[in-house]
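Those protein sequences? They're chains A and B, same order as listed.
Under my numbering, the first residue of the first sequence is numbered 40, with each subsequent residue one higher.
Under my numbering, the first residue of the second sequence is numbered 1200, with each subsequent residue one higher.
Read the hints as simulated data drawn from the structure, not as lab findings.
All residues carry an ideal CB built from backbone N, CA and C; glycine is no exception.
Facing chain B, according to a computed beta carbon distance under 7 Å, are these residues of chain A, among others:
#1 111
#2 113
#3 114
Once the Cα atoms are required to be at most 30 Å apart in a straight line, the calculated DSSO-like pairs of lysine-lysine come out as:
#4 B/1231 / B/1279
#5 A/106 / B/1244
#6 B/1295 / A/63
#7 B/1224 / A/106
#8 A/84 / B/1210
#9 B/1246 / A/106
#10 A/106 / B/1210
#11 A/106 / B/1253
#12 B/1286 / A/106
#13 B/1295 / A/106
#14 A/106 / B/1252
#15 A/63 / B/1303
#16 A/84 / B/1252
#17 A/84 / B/1246
#18 B/1303 / B/1222
#19 B/1279 / A/106
#20 B/1222 / A/106
#21 B/1291 / A/63
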Amino acid sequence: MRRPQQRRKKSFSRKKVCRFCTDKEYELNYKTPRTLGYFITERGKIIPRRITGNCAYHQRALTTEIKRARTIAFIPYTATHTNY
Amino acid sequence: MREYETVYLLKPDLPSDQLSTLKEKFTQTITKGEGHMLSQGDWGKRKLAYDLKKNRYGHYIYLQYLSTGPIVSNLERLLKLDDSVLKFLTVKLADKVDVEERLKNLGEAPLAPEEPAPSRAQESPQYRRGDRGDRGDRPYRDRDRDRGEGDHRSSPRPSAERSPSESKPKEKEASKEASKEVPKEAPTEAPKETPKEEA
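Okay, chain B solo, but in the shape it has when bound:
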């Protein structure tokens, strides 16, 4: 005997009586063929990560049981044949289970339904890299600099020692500021003044 679990997805809009008969049908395939049900869970309607047969939602049902290989293949065959089953997944949990021992410790409740699927936007920035791998650190020179005018690579950081050609952008900025301030008082004069200063 092996321990298995099966999750299967039913169409979301099945009437309740049909739902219960289907559930009954699948559990019976296990119990009839000398398998043992351990737990059952109904996870209810949940949103799917992708559409299945044009359904956005699916009704999740969970089974945990002890059985042998042929029973599982029979169950999977029935799941495949049924039109209202959207998908299913069977996982082997343990090999060579001692049936009586396992049935004694049956106290486990059926699994509680999970939280909704995670949002695709990751919370941690570490993982928000898109799909290209790690490209290493960016060189410092094009990072967050105030790019004066013209070629930003040669644009100086504000510091005392600069060659005259390089200090020009600063002056321009200063003159701009001046031109902004002046118009409040005398709008006509200000624009004319600034070019003179530079020359």
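Just chain A, with the same shape it has in the complex:
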């Protein structure tokens, strides 16, 4: 028994645009952990392009920069670095 009142599922889809394409000044570099922080999850994983809306070119560049930043301990590999 469905009620006609029930609101239809709204599917909002804000248009996502690449942060790096829109703002040319926006620095993409492993030495800027602050900006890289927007593109990783709390656990340190890289956020996929489908969510951030980056273009393919910049997502590729971002990935290498994040990985560089990880190697010199600017960004964590994971949220819990435990030693077993």
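Position chain B against the provided structure of chain A, taking the given hints into account.
Below, chain B without anything else, positioned relative to chain A:
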């Protein structure tokens, strides 16, 4: 000649004289082997994103230079051998650099130290999704409804037209409110009254 940059991390608690000799040692490997230093930076002690050899902090040092491949591999070998170096990273910035041209435009100051590492809690709610991907919108029916009593899925939104069976929960709520109000005046009577009304 290629342009490279190297960042290396020293132990945070090195005495200053040892620090300067180490820095000297690494820069000399570049200058001795016909490389050219472009800029040097000392980013100082910074908190690490994860512990390195049981150190929570590291002393970051940055080098930018022109050199050839063998010089870089020699520098990296020395960095690896030294116990007080925690980590290092070399990045190639440019291929086939015209040395004289590059040395002319040397005006760049060594890079300013970065702000501290970002907090893990993201500021924008868009990215606070945890690690499971996008699960799409939630169906409306279990969202932010006042769930009356019993089965919340069939619980009605307050509206005029309802079948008698469905309107019961409302009455109960009303009676509850009444019972709350009444005790101030007559605590003993109130609880007895409410069941009667329903019956």
